[in-house]
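Q: Construct the entire structure; sequences and hints are all you get.
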Amino acid sequence: MKIIDGENAILGRLASYVAKEVLKGEEIAIVNVEKIIITGNRKDIKEKFEEKRGRIGSGQRGPKIHRSSEKIVKRTIRGMLPSHKTGRGREAFKKVKCYVGIPKEFGDKKMIKSGKEKTSKFVKVGEITK
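In case it helps, the working numbering puts the sequence shown at residues 14 to 143.
Everything hinted at is true.
Here are the computed lysine to aspartate or glutamate pairs in the DMTMM-like style, where the Cα-Cα straight-line distance is at most 25 Å: (1) LYS84 to GLU39; (2) LYS107 to GLU34; (3) LYS48 to ASP121; (4) LYS56 to GLU140; (5) LYS84 to GLU104; (6) LYS110 to ASP121; (7) LYS15 to GLU104; (8) LYS33 to GLU104; (9) LYS123 to ASP18.
So the derived label-pair ranges between C-beta atoms look like this: (10) SER133 to ARG103: 36 to 42 Å; (11) GLY53 to LYS84: 18 to 24 Å; (12) GLU40 to GLY120: 14 to 20 Å; (13) PRO95 to GLU118: 28 to 34 Å; (14) LEU36 to LYS61: 25 to 31 Å.
Rather than coming from a laboratory, the hints here were simulated on the basis of the structure.
Don't be surprised by glycine CBs; every beta carbon is placed ideally from N, CA and C.
A: Now the structure itself:
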């Protein structure tokens, strides 16, 4: 099992890496998901997420955009997998685990650090979920 520290990692790059690894059969645990960053204009990103959240159709059907950090990250990874409803995509998606903070069982284990570069315009996933 690979453990990835999401602090200062860019969401899209992290999600594509995780999608490739789980399709190979690796199990992945991502910790500190609230510290993953989304690059771009802060105002535009927040408006986009709020607009998506308000778009639940009649009878509460439609795409539901969750407010929790781990669900936002998992949803991004799901979008980079083949169909999550059948076959390979479903099996791969089951191998992804996301955690807010660092759980006790992963506290002393070796983690893959990512996100050394930082851009000037970004927003953290934890700020969107407030």
